[in-house]
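A.B. asks: Required output: the full structure, derived from the provided sequences and hints.
Protein chains: 2
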Amino acid sequence: MIKNILVIYIVLSWLNVFSQIRGFFDSSKQINLENNFKKIPLSKEAEKHLFILTESPHPAGTETDYKTALYVKNKFSEYGINSEIVEYKVYLPYPKNVSVKLLEPETYLAPTKEEGWNWDKDSYDSDIILPFNAYSPSGNVTADVVYVNYGMTEDYEKLKDLGVDVSGKIVIARYGKNFRGVKAKVAEENGASGLIIYSDPIDDGYFKGDVYPRGPWRNESAVQRGSIQYIFYYPGDPLTPGFPSTKNAKYLDPAKSKTNLPKIPTTPISYKDATPILKNLGGKNVPNGWQGALPFAYHTGPGASKVNLKLEMDYAIRPIWNVIGKIDGTLEKDKFIVIGNHRDAWGFGAVDPNSGTSVMLETARGFGELLKTGWKPKRTIIFASWDGEEYGLIGSTEWVEENKENLSKNCIAYLNVDSGVSGENFGSSATPSLNELIKEVTQTIEDPLKGKTIYDIVTQKDKSKIPKPLRIGRLGSGSDYTAFLDYVGIPSLDMSFNGPYGVYHAIHDDFYWMKNFGDPTFMYHATLAKILGVTALRITESDIYPLDFKSYSDSLAIYLAEVGNGKADEDSIIIDLTELAGEIKKLQTNSDSLNKKIEKFASKLTKEKLKLFNEKIIMFERNFIESKGLPEREWFKHLIYAPGFYLGYGAKIFPGITESIDKKNWNTAKEQVKILTEAFKRANNSIIDILKIF
Amino acid sequence: MIKNILVIYIVLSWLNVFSQIRGFFDSSKQINLENNFKKIPLSKEAEKHLFILTESPHPAGTETDYKTALYVKNKFSEYGINSEIVEYKVYLPYPKNVSVKLLEPETYLAPTKEEGWNWDKDSYDSDIILPFNAYSPSGNVTADVVYVNYGMTEDYEKLKDLGVDVSGKIVIARYGKNFRGVKAKVAEENGASGLIIYSDPIDDGYFKGDVYPRGPWRNESAVQRGSIQYIFYYPGDPLTPGFPSTKNAKYLDPAKSKTNLPKIPTTPISYKDATPILKNLGGKNVPNGWQGALPFAYHTGPGASKVNLKLEMDYAIRPIWNVIGKIDGTLEKDKFIVIGNHRDAWGFGAVDPNSGTSVMLETARGFGELLKTGWKPKRTIIFASWDGEEYGLIGSTEWVEENKENLSKNCIAYLNVDSGVSGENFGSSATPSLNELIKEVTQTIEDPLKGKTIYDIVTQKDKSKIPKPLRIGRLGSGSDYTAFLDYVGIPSLDMSFNGPYGVYHAIHDDFYWMKNFGDPTFMYHATLAKILGVTALRITESDIYPLDFKSYSDSLAIYLAEVGNGKADEDSIIIDLTELAGEIKKLQTNSDSLNKKIEKFASKLTKEKLKLFNEKIIMFERNFIESKGLPEREWFKHLIYAPGFYLGYGAKIFPGITESIDKKNWNTAKEQVKILTEAFKRANNSIIDILKIF
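Chains A and B, in that order, give the protein sequences. Each residue of the first sequence is one higher than the one before, starting from 1 at the first, in the numbering used here. Each residue of the second sequence is one higher than the one before, starting from 1 at the first, in the numbering used here.
Honestly, I wouldn't trust all of these hints.
Which copy? The list can't say, so a pair holds if one copy fits it or any two copies do.
With a straight-line Cα cutoff of 30 Å, these simulated DSS-like cross-link-like pairs (lysine-lysine) come out [claimed, not checked]:
no. : residue 1 : residue 2
1   : 158       : 452
2   : 247       : 596
3   : 279       : 113
4   : 284       : 177
5   : 67        : 96
6   : 468       : 158
7   : 38        : 263
8   : 468       : 284
9   : 378       : 409
10  : 611       : 256
11  : 609       : 585
12  : 450       : 160
13  : 628       : 663
14  : 29        : 39
15  : 279       : 670
16  : 29        : 439
17  : 600       : 439
Rather than coming from a laboratory, the hints here were simulated on the basis of the structure. None of these values were measured; they are calculated from a predicted model.
C.D. replies: This is the structure:
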């Protein structure tokens, strides 16, 4: 018996060693390269980066932010990577005065200070920016208060059913479910005079587990800062939509132009500060599902709580600094990938975003070490340390707007890391052409603690004996892939290790937190750097770019089924998706044929044909870009994905169609079906075109 | 158009007037009778009853309890109904001293007093019985504390997985999910030294809505009293299982005999008093789903909380008093139905149980008024005001044990009302032979506020256009139908109007609560009296007893599917249910034939044949009674229903089979399949036998 087992073992390991990596005609060199690379990213280096990057709070445009830009630039230089600081001048508000006064039936003055803990010096930092919602207007309103749950459209509908009128009221919403900018937009649409957003302990406080400093969750004093820019219209500098905020940029006049700026004063508070406001609310008992974890029964209001909300904002055109590093490719220098992470943080930014910065730097150091051995990538690798992400994805958006032609023509993929590490659970989102790649890469990287590959852990997690599929999310918005994917049509992905994390955008997202809760050993930082680096190398060094259109078209079929399942009601009309469905089916067949051809014949192509082949592969995703953009938001040009207008973070699939259906704009919906069908026809033609190369 | 609508209206109302009532050959007389009856139950009378019944707390065996017995007896006399007080002497504990001392890491002494409210005099009553768990032993234990969620078997398994040892510890469980006696049994099985049970605000406190006195939910001081007698072994007097506690009864010696008495000290506390114990617990963070609504993250312990639990109970043989009223039948005097409700309460008992007493009295008054017009029922009607229900269904159990032969031979059905009214939503549970009857009766009774029949409200409640079926629950345990159904096999039902109700077994379940939250107009009391009375009259006055075996056998088919869906694991063996399934299928066919025969030919039967027919119909349910009882609990003799051993309240279907499977006693399971198959054969034969009458 033992002998048999041994035989099997040998066969398996033989298979393993000699198995081909998709996209490579001869894998051995690549395996060698990857193995050399994987030795380099180190926990202790990642820890050092994070310690320095999180020394001070560093919101976009501040001196401390600039210091972090220099740190990143210096590190690139140290690793032998050329880099430059790319400055944009953009419209940024800083908070001057924020006050939320409960006037009736008792008085209470918020915001109170976020509470520190003696053994965490950062938690006492007085340089931390005031809790505020960036791009809220200044204002001074006094009104009765209404509790609006998560502030979603359906929450306001429910209030209407209950006979609760929010017009003129200050509404108080809890964080969660949607992007805070959507809360501001919906409050504005419903005629509220002001908006207060608080973190309910049921969502990221004690209801989830121990709070800081005992555990990783939000304590009663911690506030979630954050932008409420209406990035679902367009992200980036609010005054230069579609154009970079470079030297001679023309800025819109915020007082006169139609911009993506919110209209009603909005500010965030802690659950400690929300308590007296919510506790004193009268009116109806809240509907099912609206109760949070504060220790009393919630009411909708209005009355008895009356609040004065007074905000003074300091708006100006201010500089931000992307750091762009570059390793030139040898075989096809003009073709490139971008590895990006933002650097600006509301506070210390240990998780968000500098765990990602630290990861990116370790990836860069890894490539730097390879460069020292004489290696050079076949295609160019660009590292981007974005600024102004927190304000509205500004650094990445301006850069993409500035470089859109080159990106559209030559960029193979964009790899994003934002909050890279807050725990041990691997997660990813991607355009489906990258799904297979993520699967393959995670199969080659070991979890640092669990003695299994990341892929095996993610797919075999629970006790049931059926392995789970690797779940890869859909890209909505809320990080820097937005402009790459939605504006230009670059295949994108986003990766991270996640865990219990309740200090998002609070003072407590600091080095102490990471060292005690998020990644005490920093091993997941190093591991993510390996995943990121190997993913990059699988693209830049490939013979055939490892984009997989079969996965993409299979996903499209699933999306279509979801759209087709839309609920009919009396006002519904029939929207014919037959042709669209046919094109998706063709896409499945064509991409299947393509994969088979690649497997059998790609290695036999001439160099010239291979180059042509790869160029065409890059352009596949661009078929889904519609230059006119989506209805009512022309900046968003991708026909398959957009951040949902009323979600903000979440992806809306076939947004032109589905959002028109939501609004019962039947004619627009039909038009959008045509537009999407055309896009799928283009996509089919492009594959047929590629097939002709063989 | 208007004319057409008018025509349709006339046709419909014609259909309505002349439609036959099932079980009656000529409906017009019955409709008349019911209409006369329905005029009698009145809100203001129900309110008066409740006001008097809830004057003082009246636990079983107390002077105030006896006063309520006299009130009920006097009312029966007033209505022209003969009645007697039937006394049993049973083993009852009263609490002398209850103390729960937190010793470490801080000190706190519980229980604190339940808090009153000035405008509700009852809430300050000092005669209220100490919060205690009846049948807890006296005891004095000091130990570290472990939080065990709801104290279910699976909760202890989870703790074991986490490495938390409960042996020797005082465990603290929250109320909910199962019967509190099960919590005590499972704590005992797991080696705990004591048990504290508290009401978490997530289950019936502020998380659900406003708390007393602002709303109907449990406030921080309110305690749920209640028995922990192991009624899943047998209910009634713990010292006389299977025999009535009448004059010459032989009592078991609790110190020497195997009884259904719990072994470890157990006591209930409020969430105010639970807070310092839970807040100071260290150890692991609780698993998913264990967090309650107290404002901190829950931990399992053990440590730092250390508690001394000291209970002094006063056990004695004490009298309890059922009040039994009787209206003799004319046609078949020996045949009877029982309408029952318990009268004893832990506190004032406004909802539990005296809303039901008030309802029963209004039904009795209705029959009394009919008697004055010269009417007499065809079969005998017995009203039973049970005592000692709260301690363990004692009054009803002893009475059933005393009268089991007569019940088995002559009782047509048992109609139970316990907590009759706590709101406006109708609910019922029943043996499925009574399902059709409940449906038919609720179709004839109007909701007092909503201008629709109860049936229409229950079946068309939500916005979807598909009417919902009338949901009728399965009888588990927790009220007085238990002995009727499980010990003798009498078709039973339980009915109520329900609403938000968080003061269960607390001082605040009083007249003020009912008047302000439960049923301010008392109209639902009057309505339930009408439903109860019409249900009774549909049985006692029928030509053919309206028991429907088709519904029963359809339910059996559903039950079988549930059992057949049991999850297989490695230890599973195949249990062949083919024959059982076949018998159920036959039962469906046979009962269908029977219904058809009844519809076509029953009215043509001779008087003698009709009498025989009805006698055989009564006996149908007795086919499911197995004299040897269920494995390990012989008192429970019904093969289809029993309170789940580890549920307590919830019904376990085919308990002999399913509980043997749960315990992996495969041989017992197989035996039980045979026993049940035999029972179904008997049931089939009994229907075939009835069919022969035609």
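A.B. asks: Give the relationship of residue 611 and residue 256 under a CA distance limit of 30 Å: within one copy only, between copies only, both, or neither.
C.D. replies: neither (50 Å within a copy, 92 Å between copies)
A.B. asks: Taking 30 Å as the upper bound on the Cα-Cα distance, should residue 468 and residue 284 be classified as within, between, both, or neither?
C.D. replies: Close across copies (28 Å), not inside one copy (44 Å); limit 30 Å.
A.B. asks: Classify it for me, residue 600 with residue 439: is the Cα-Cα distance of at most 30 Å met within a copy, between copies, both or neither?
C.D. replies: Answer is within; shortest intra-copy Cα gap is 22 Å, inter-copy 69 Å.
A.B. asks: Check residue 378 against residue 409 for me: Cα-Cα at most 30 Å, and say if that holds within a copy, between copies, both or neither.
C.D. replies: Intra 17 Å, inter 94 Å, cutoff 30 Å: intra-copy only.
A.B. asks: If the cutoff is 30 Å on CA atoms, where do residue 468 and residue 158 land: within, between, both or neither? Let me know, please.
C.D. replies: Intra 37 Å, inter 23 Å, cutoff 30 Å: inter-copy only.
A.B. asks: Give the relationship of residue 450 and residue 160 under a CA distance limit of 30 Å: within one copy only, between copies only, both, or neither.
C.D. replies: between (52 Å within a copy, 22 Å between copies)
A.B. asks: Give the relationship of residue 158 and residue 452 under a CA distance limit of 30 Å: within one copy only, between copies only, both, or neither.
C.D. replies: Between copies only: 25 Å across chains, 48 Å inside a chain, cut-off 30 Å.
A.B. asks: Quick one: residue 279 to residue 113, C-alpha cut-off 30 Å, is that within a copy, between copies, both, or neither?
C.D. replies: both (20 Å within a copy, 25 Å between copies)
A.B. asks: How would you classify residue 247 and residue 596 at a CA-CA limit of 30 Å: within, between, both, or neither?
C.D. replies: neither (50 Å within a copy, 91 Å between copies)
A.B. asks: Can you tell me if residue 628 and residue 663 fall within 30 Å by alpha carbon in one copy, between copies, both or neither?
C.D. replies: Within one copy, since 20 Å is at most 30 Å while 67 Å is not.
A.B. asks: When no copy is named, should residue 29 and residue 39 be tagged within, between, both, or neither for a Cα gap of at most 30 Å?
C.D. replies: within (16 Å within a copy, 94 Å between copies)
A.B. asks: Treating 30 Å as the Cα threshold, decide for residue 284 and residue 177: within, between, both or neither.
C.D. replies: So residue 284 and residue 177 pass the 30 Å test inside a copy (23 Å) and across (28 Å) alike.
Of the hints listed earlier, those the structure fails to meet are numbers 2, 7, 10 and 15, in rising order.
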